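The opening residue of the sequence shown carries number 0 in numbering that gives the first Met the number 0; numbering runs sequentially from there.
Since the hints were derived computationally from the structure, they do not count as laboratory data.
All values derive from a computational prediction rather than experimental measurement.
There could be a bad hint or two in this list.
To be verified - Quick list of in silico lysine to aspartate or glutamate cross-link-like pairs, DMTMM-like style, CA-CA up to 25 Å:
id : residue 1 : residue 2
1  : LYS153    : ASP90
2  : LYS125    : GLU101
3  : LYS222    : ASP207
4  : LYS222    : GLU58
5  : LYS153    : GLU246
6  : LYS78     : GLU58
7  : LYS212    : GLU161
8  : LYS125    : GLU58
9  : LYS125    : GLU77
10 : LYS212    : GLU58
11 : LYS125    : ASP90
12 : LYS125    : GLU161
13 : LYS212    : GLU225
14 : LYS78     : GLU161
15 : LYS78     : ASP92
16 : LYS125    : ASP92
17 : LYS125    : ASP82
18 : LYS153    : ASP82
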Amino acid sequence: MKTSLWRRIILIALISTGFGLTSVFSGRSVFAQETRRSVRRVSVPVATGQSAASPVLIELSPGYGVNISFIPTGETVEKVWFDNPSFATLDVDGCLSGLGRECQQNAATVLHLRRINSLNMPGLPKTNSTLLTVVTAGVAGRRVYMFRVAMGNKNSQYHTVEVTPKETPEVIANNPPRMTSVLTQYQDSQMISRGLIVAQQQRLIRRDSPLWKRIENFLVSVKAGEPIEVAAAKSGISLQLVKRLQELGKTSPVPPPLQAS
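Construct all of the structure, not just a fragment, from the sequences and the given hints.
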């Protein structure tokens with residue numbers, strides 16, 4: 000009875016505030032789209048460290064591989080350094096000198112990382128993460144990309160990290176003002192955290208879903224002072240989802256935890 004009453008109260012509150020059923024169903028669509036995403040897009044400024052404080056994180060789960068594609072940039076990979084290969088293997092789609100073969104011309108555009116059982120390698124410490132450095136060449140010249148590769152405990156959230164030549168529409172659409180110009184970074188993170196709780200209680204998202212983990216990573220970055228646009232791109236979520244969470248945190252009442260009637 001309590002659960003049913005609270006749901007009625009929420010529905011009345013949504014309608015009275017102009018939020019309406021359309022927003023409820025569109026909200027479900029936003030979360031569904033985010034859950035289905037299997038390609039994570041990262042812009043060149045973020046991947047090269049020009050607009051991010053730390054390297055892009057790539058988590059490898061047991062039994063799953065992750066691709067890093069430079070096809071959208073039109074660049075070819077010249078050199079890679081994988082600091083600690085004790086828990087992952089690295090392969091490429093073309094030929095790349097230094098990976099057990101000699102090449103007349105380097106022509107790799109996609110890297111493939113695969114998790115393996117940890118090996119004891121003399122001279123290498125046992126760690127759960129390492130740095131992958133990629134040197135590319137293209138029309139714009141040579142670039143250095145950095146990725147932090149780490150062990151993941153859950154199923155992979157995506158199968159491909161796609162490096163895009165500029166800020167994607169998710170991050171910059173016609174150069175809008177930064178979201179943090181309206182509210183302080185702290186206020187934004189608090190509102191989004193509140194929206195995440197509301198989304199869970201409205202059964203828009205599950206705590207054990209990969210999307211929940213991506214949102215948590217996003218919130219950690221924002222609370223650490225990283226701009227919302229950059230944190231969203233690094234965590235693999237869209238600004239549309241961020242705005243949706245802000246709406247939920249701003250306009251929706253937060254009911255108490257659901258209890259069995």
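Holds or violated: LYS125 to ASP92, with C-alpha atoms at most 25 Å apart
Since the Cα atoms of LYS125 and ASP92 sit roughly 29 Å apart, the hinted pair is violated (cutoff 25 Å).
Quickly compare the C-alpha distance for LYS125 and ASP90 to 25 Å and report which way the hint goes.
22 Å, holds
Has the given pair, LYS153 with GLU246, been kept, meaning a C-alpha gap of at most 25 Å?
The hint is violated at about 29 Å.
Please work out if LYS125 and GLU58 have their alpha carbons no farther apart than 25 Å.
17 Å, holds
Is LYS212 close enough to GLU161, meaning Cα to Cα at most 25 Å?
20 Å, holds
Sort out whether ASP82 lies within 25 Å of LYS125, counting only the CA atoms.
12 Å, holds
Tell me if the straight-line CA distance from LYS212 to GLU225 falls inside 25 Å.
The hint holds at about 18 Å.
Does the alpha-carbon distance linking LYS125 and GLU77 stay inside the 25 Å limit?
28 Å, violated
Do the alpha carbons of LYS222 and ASP207 lie within 25 Å of each other, as the hint requires?
Since the Cα atoms of LYS222 and ASP207 sit roughly 22 Å apart, the hinted pair holds (cutoff 25 Å).
Tell me if the straight-line CA distance from LYS125 to GLU101 falls inside 25 Å.
30 Å, violated
Under the criterion that the straight-line Cα-Cα distance not exceed 25 Å, is the pair LYS153, ASP90 satisfied?
23 Å, holds
Does the structure keep LYS153 and ASP82 at a Cα separation of 25 Å or less?
24 Å, holds
Going down the numbered hints, you'll see the structure goes against 2, 5, 9, 12 and 16, while the others check out.
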